[in-house]
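Those protein sequences? They're chains A and B, same order as listed.
Under my numbering, the first residue of the first sequence is numbered 1, with each subsequent residue one higher.
Under my numbering, the first residue of the second sequence is numbered 1, with each subsequent residue one higher.
It is worth saying that the hints were derived from the structure and are not from the lab.
Treat the hints with care, as some may be off.
Said to hold, decoys possible - Chain B stretches covered by chain A per the calculated footprint, using a threshold of three residues with CB under 8 Å from any CB of chain A:
#, segment
1, 1-7
2, 28-35
3, 96-106
Glycine included, every Cβ here is placed at the ideal spot set by N, Cα and C.
Residues per chain are reported as follows:
There are 2 protein chains.
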Amino acid sequence: MGKLPSGTISVIFIAQRTVHDDEGYARAATEMHALSEQQPGYLGMDSVRGQDGLGITVSYWRSDADAKAWRDHPEHASIRDAGRDRWYTHYSLHVAEVTRSYDWQKA
Amino acid sequence: MGKLPSGTISVIFIAQRTVHDDEGYARAATEMHALSEQQPGYLGMDSVRGQDGLGITVSYWRSDADAKAWRDHPEHASIRDAGRDRWYTHYSLHVAEVTRSYDWQKA
Numbered sequence: 001m002g003k004l005p006s007g008t009i010s011v012i013f014i015a016q017r018t019v020h021d022d023e024g025y026a027r028a029a030t031e032m033h034a035l036s037e038q039q040p041g042y043l044g045m046d047s048v049r050g051q052d053g054l055g056i057t058v059s060y061w062r063s064d065a066d067a068k069a070w071r072d073h074p075e076h077a078s079i080r081d082a083g084r085d086r087w088y089t090h091y092s093l094h095v096a097e098v099t100r101s102y103d104w105q106k107a
Numbered sequence: 001m002g003k004l005p006s007g008t009i010s011v012i013f014i015a016q017r018t019v020h021d022d023e024g025y026a027r028a029a030t031e032m033h034a035l036s037e038q039q040p041g042y043l044g045m046d047s048v049r050g051q052d053g054l055g056i057t058v059s060y061w062r063s064d065a066d067a068k069a070w071r072d073h074p075e076h077a078s079i080r081d082a083g084r085d086r087w088y089t090h091y092s093l094h095v096a097e098v099t100r101s102y103d104w105q106k107a
């Protein structure tokens, strides 16, 4: 995402993958990405996973109510249970409100 | 980072690496990491880079004043110029104040 308006809600998800069920995980990740894009107030995301299985995904929401609605979406909640069961050994999630934002591109 | 107190400042840095000067970049990244750890109010960071050269680093600060002091640190500012010149093709930076935080670990 480029420069964000102040007040945008960022949801920072940092997760360590297990070493199994890559296929199931990839399918779920694709589904959740597609579903999140349909949610009210969804603005976009940035996502990276390293070779050691540590990943950071930041999703951006117009309001905290929008971010909470996505948290409480039934399909998302059910996938989260599968994540705890099979795909992750550890995760942290931080919800944070944007106060300043910059974007730079090589000329 | 595990569960963070509300009011923690997160600095979300999303950057696309160029394909050259890996060595200079790695040296600078190590130096900046060591220097940031010595700054007042530094709480920690999470950092991942993918095989395509896209990276996300989130650093955590006790206060916005601490985050700004690091932004304005002379060595950091000088490395930032080198980053624009040699190591990055694009980056976004979002400063955001934590409102909720969770941590989960497989039992």
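The hints, checked one at a time:
Counting residues of the segment 1-7 of chain B whose CB lies closer than 8 Å to any CB of chain A gives 4, so the stated coverage by that chain holds, three being the minimum. Counting residues of the segment 28-35 of chain B whose beta carbon lies closer than 8 Å to any beta carbon of chain A gives 0, which falls short of the minimum of three for the stated coverage. Coverage of the segment 96-106 of chain B by chain A holds. Counting CB-CB distances below 8 Å, 11 residues qualify, and the rule asks for three or more.
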